[in-house]
Amino acid sequence: MAKMTVTLRIWRQANPKAAGRFENYTVETDTDTSFLETLDILNEQLVEQHQEPVAFDSDCREGICGMCSLYINGHPHGPATGATTCQLYMRRFKDGETITVEPWRSAAFPVIKDLIVDRNAFDKIQQAGGYVSFNCGGAQDANNLPISKEAADMAMDSATCIGCGACVAACKNGSAMLFVSAKVSQFALLPQGQVERVRRARKMVAKMDELGFGNCTNTGACSAECPKNISLSNIARLNREFISAKCKE
Amino acid sequence: MELNKTADGLVMSAADSKIPEGPVAEKWTNYKAHQKLVNPANKRKLDVIVVGTGLAGASAASTLAEMGFNVLNFCIQDSPRRAHSIAAQGGINAAKNYQNDGDSVYRLFYDTVKGGDYRAREANVYRLAEVANNIIDQCVAQGVPFAREYGGLLANRSFGGAQVSRTFYAKGQTGQQLLLGAYSSLNRQIELGKVKSFNRYEMHDVVMIDGRARGIIAKNLVTGKFERFAAHAVVLATGGYGNTYFLSTNAMSCNCSAAVAAYRKGAFFANPAFVQIHPTCIPVHGDKQSKLTLMSESLRNDGRIWVPKDINTAKKLQKGEIKGSDVPENERDYYLERRYPAFGNLVPRDVASRAAKERCDKGFGVNNTGLAVFLDFSEAINRLGIDTVRQRYGNLFDMYEEITDVNPGELGNKIGGECYYNPMMIFPAIHYTMGGLWVDYELQTSLKGLFAIGECNFSDHGANRLGASALMQGLADGYFVLPYTIQNYLSDQISVPRFSTDAPEFAEAEKQCEARQQSLLSIQGKRSVDSIHKELGHIMWDMVGMARTKESLTEALRRLKELRKVFETDLYVPGTAEGWNNELDKAFRLRDFITMGELIAYDALNRNESCGGHFREEYQTEEGEAKRDDENFFYVSCWDYAGNDNEAPTLIKESLHYEAIKVQTRNYKS
Chain A
1 MAKMTVTLRI WRQANPKAAG RFENYTVETD TDTSFLETLD ILNEQLVEQH QEPVAFDSDC
61 REGICGMCSL YINGHPHGPA TGATTCQLYM RRFKDGETIT VEPWRSAAFP VIKDLIVDRN
121 AFDKIQQAGG YVSFNCGGAQ DANNLPISKE AADMAMDSAT CIGCGACVAA CKNGSAMLFV
181 SAKVSQFALL PQGQVERVRR ARKMVAKMDE LGFGNCTNTG ACSAECPKNI SLSNIARLNR
241 EFISAKCKE
Chain B
1 MELNKTADGL VMSAADSKIP EGPVAEKWTN YKAHQKLVNP ANKRKLDVIV VGTGLAGASA
61 ASTLAEMGFN VLNFCIQDSP RRAHSIAAQG GINAAKNYQN DGDSVYRLFY DTVKGGDYRA
121 REANVYRLAE VANNIIDQCV AQGVPFAREY GGLLANRSFG GAQVSRTFYA KGQTGQQLLL
181 GAYSSLNRQI ELGKVKSFNR YEMHDVVMID GRARGIIAKN LVTGKFERFA AHAVVLATGG
241 YGNTYFLSTN AMSCNCSAAV AAYRKGAFFA NPAFVQIHPT CIPVHGDKQS KLTLMSESLR
301 NDGRIWVPKD INTAKKLQKG EIKGSDVPEN ERDYYLERRY PAFGNLVPRD VASRAAKERC
361 DKGFGVNNTG LAVFLDFSEA INRLGIDTVR QRYGNLFDMY EEITDVNPGE LGNKIGGECY
421 YNPMMIFPAI HYTMGGLWVD YELQTSLKGL FAIGECNFSD HGANRLGASA LMQGLADGYF
481 VLPYTIQNYL SDQISVPRFS TDAPEFAEAE KQCEARQQSL LSIQGKRSVD SIHKELGHIM
541 WDMVGMARTK ESLTEALRRL KELRKVFETD LYVPGTAEGW NNELDKAFRL RDFITMGELI
601 AYDALNRNES CGGHFREEYQ TEEGEAKRDD ENFFYVSCWD YAGNDNEAPT LIKESLHYEA
661 IKVQTRNYKS
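Residue numbers (our numbering), protein chains in the order written: chain A, 1 to 249; chain B, 1 to 670.
It should be emphasised that the hints constitute simulated quantities derived from the structure, not laboratory data.
Treat the hints loosely; a few may be bogus.
[Stated by the list, open to error] Distance windows between CB atoms, simulated:
1. B:GLU21 x A:PRO146: 37 to 43 Å
2. A:MET1 x B:ASN330: 28 to 34 Å
3. A:PRO110 x B:GLY286: 47 to 53 Å
From the three backbone atoms N, C-alpha and C, an ideal C-beta is built for every residue, glycine too.
Turn these sequences into a full structure, and let the hints guide you.
Laid out in C-alpha cells, this is it:
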C-alpha cells in the first residue's frame, strides 16, 4: 500500500435543468483504496467543511448490480477493462494525477444531479419484450428440456449484461444496441425464447428507437468499454433477428 | 394474538404461528387444499404493496400480478434489477436428485434444520424444501441460463453443510441470473399494467388503519418528497440488517429501516441475534473501506483452507518476509480437514468462521493484521489443470485480483518439484441475517395485513443459514408461498373499498416523517453520518460479533446508548429537505441501525447458549464447539417494541415443536 494524492476534476450539476461545470478537489488516498472509496473520502471532507457532497450512484460495490457509472478520464468505468467503476482501485492511477470524472453523456440518460443520470429508458426497453411470457406455477420438470452446453454457455455470456449503460455512454451515437442485443440474444439462443422471438426483436428495437437512442454504426466502442465484455457478435445477431422479423411482417 | 403469562415469561399460544394440522410432509398440501381463495373478478379489486425488488420482492410482485391482483412495487435503486440479490454468487439448492446421490425433499429439509442448529420452525422449512424443486422448473421456463452438462441436462455442485450435490448455478453469478429472471417476469407485468413500479423510492413508515396495514409513506429520493400509497395489504421484502455492522458484504443501500418501522409500529422482531458471518470474504485492509467483498462459498468445493503449523512461520507471513506459496505442504495445517474429517472444507459457515477466528486468536493469522487465513487452489490446479479450475472460478479469481493485486490462479513457487499457487487470503465478515420480522406460517407479521418475505423475515434458517439457501428461500416465498397465503387474508377484504390516502392516518404518518426529517436537519452538529456509523460498526463487531459474552454485550448496550446521544446531538447533515440528499437519507437509516444494534445485543444477552451464528463464549464445549441449551432456549425470541427507543423491548417466546426431526447436537466430524 502506498499513499497518494490526486486531483479530482468532477462534473457538478445541481439539477437536470441547471448548467453544469467542472470543480477541482484534492484528495489523499492510497493504492489499495477503491476509486469510489476515494470519492467517499472526498465527500467526508466536503461534509466536514459544510459543503455539499458529490452525488454519485453505487450499490453492490462488487461489479454486478450495474448501479455505478462514471466517465473517468474519457472511459466509462475508467481505465481498467472488463471491470466496473466500483472494481477500480487507485493503483491504476499515478500519484499526483488529475482525474476527470463525468456522468454518462447521452440524450436518453438525462442528468439528475452531479454524476447521477436517469437510466429508466433501459427498464422500458426490457418491459417491451425482454422476457418469456410465462406465468408462475405451470412449469414442466427442468430436465425435460435438454439444452446443449454450448447454447447455454452462449446464452449465459449474453445474459451477463448488468444494464449499467456504459455501452450507450461509450457510443458516439448514443446507441443502446449492445444492451438490447444482449437480451435478444439470450432468448434467441435458448429454446424457451423461440415462440416470441419475432415479436421480441421487433418490440424491443421499436422501443429503443422511440426512447431517443442513436443508431449503430458498428464502431465497437460499446463492446470495447463493456465492463462485462459483452461481445459485438450480439449486435450481429440482433440485426439478423430484426431483419428476419421484418421479413415475416 | 393471545399471549400467555407463564413462569417462563410471555409465551405465544401454539395457534398464533398458524401451523397447519397433520404430519409435517402433509401440512402444506393440507393448507393449500383448505385455504380461502379470491376469485378472478375480486382479485382485480384488490391492491397489494410490495416493498423491495430482490428475489423475494420481484417474484412476489410478478406472481401476484399474474394472478390478477394490482401491485405497487417499490425499489430503492434506480431499477428493480439492482436489488442486492443480484450479488449472490454460488447457487440455489433444490432436492431434484438429478445426480442420483440420494437426495430427497426430506434430506434437504433435514440438512436445513440441522444447518440452522435446530432453531428454525420445522413446518416452514419442510415447505421450503418441498417447493424448492418448483423454483428450478420455474427459472428454467423463464430462460435462466443455468450451467449444463454436455448431455444438455442441468449441472450441480456441492455447498457447505451437505453431503450431496444439489446446488444449481450459473457461473459465479447465480443471484444475478435468478434476479434477472424475476425481473423479466416483473417487466412483463409492468408492461401489462398490473404492476406499477416506483424506482428510487424508500419506505419510511407503514400506515395502520383500524389495526390493519393499509399503506405506506415512501420518500421519492429524487424530489425529496414524502408520498402516500394505499393498498389492501403490504408486503415487506426489504432484506436484512447486516449493515448495522457498517462493514458487511451488503450493498451500500441495504438497510433495515422498513423492518424497524414495522417493529416500531408493533410488529415483533424475531431472533435478531442470529447474524451470519461468512467465512470466505476478502480481509479488511483499512479504515477507508466501504464494504467487504465475498468470495463465493463454491470456492470451498476445490479450495483448501489452511494456516501454518508453526507459529514462527505465521509471524514471518505477518511481517511480509515470506508468501503463502513459500510454505511447503508438510508445514500447512488444514485445520478444517483436521477438525471435521467428514465435511472438511465444506462445514457450514458458522463452523468455518469460528474455526478461522480460533486460529487467528492463537496467533496463526497470515496477513499484516493477523486476521486472515489462506484459501488455496494448488491441489485442485495440480489435479485438474489450470484450465478446468479457471473455468469454474476464473471470474472469482479475477475479482480477487482487481481488489488485492494477487491472482490465485498464478504459480507462486516450486518447492521440490511441487507447484504452489498463490493462495487467497480470506477472513469472516457479516453477510446475512437469519433474524427478521416475526411471521406466522402464512408469512404474516404480528400486524394484520403486513407480510414479510425473504431475508426480511426470520423463519427458515434458524440460527445459521446454509449456502445456496437464501436464493431458495427468497424465491420460495415470492413465487410459491406468499401468493397463496396472502389470499387467506385478502379473501375477507374483497368488500373493503380502496382507501383514500387523504385518511387522517396517512396525514399523521406523513407528518411524523416530516418531523423526523426536520429534527435530523436541525441538529447541525459536527459528526458526519458515516463517522457515527463506523463507530456503531466497531461496537457491533467487537462486542456483538463472532464471540459474545455477558460482559461484552452489557458494555455494548451501554455504548450504544451513548452513541444514540451523539447521534441525536452532534450529527451534521448538509443540504436541505428538497431534492436529492443522500446524507439525509443515510441519517434516517443510521437512526434505525442504532435501534437494530441494540435489539441484536438484547437478544444475544438473553440467549444464554451458543447456537449457529450466535456464539457466547461462556457456553462452549471443551473442544470449543457451540453448546446449545435446548432445555431453556428451544424457542424463537420475539421482541415487542416498548413504545420508545430508550426502553428495553419485551421478550415474547414462540416455543418450537419438532415432530419429524430428532433434535441433537450438530456433528460435522463423522
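Hint by hint, here is what the structure shows:
At roughly 41 Å, the beta-carbon separation of GLU21 of chain B and PRO146 of chain A lies within the given 37 to 43 Å, and the hint holds. Checking the proposed 28 to 34 Å range against MET1 of chain A and ASN330 of chain B shows it holds: the Cβ atoms sit about 32 Å from each other. Distance hint check for PRO110 of chain A and GLY286 of chain B: the Cβ-Cβ separation is about 36 Å, which falls outside the suggested range of 47 to 53 Å.
The structure fails to meet hint 3 from the earlier list, while all remaining hints are met.
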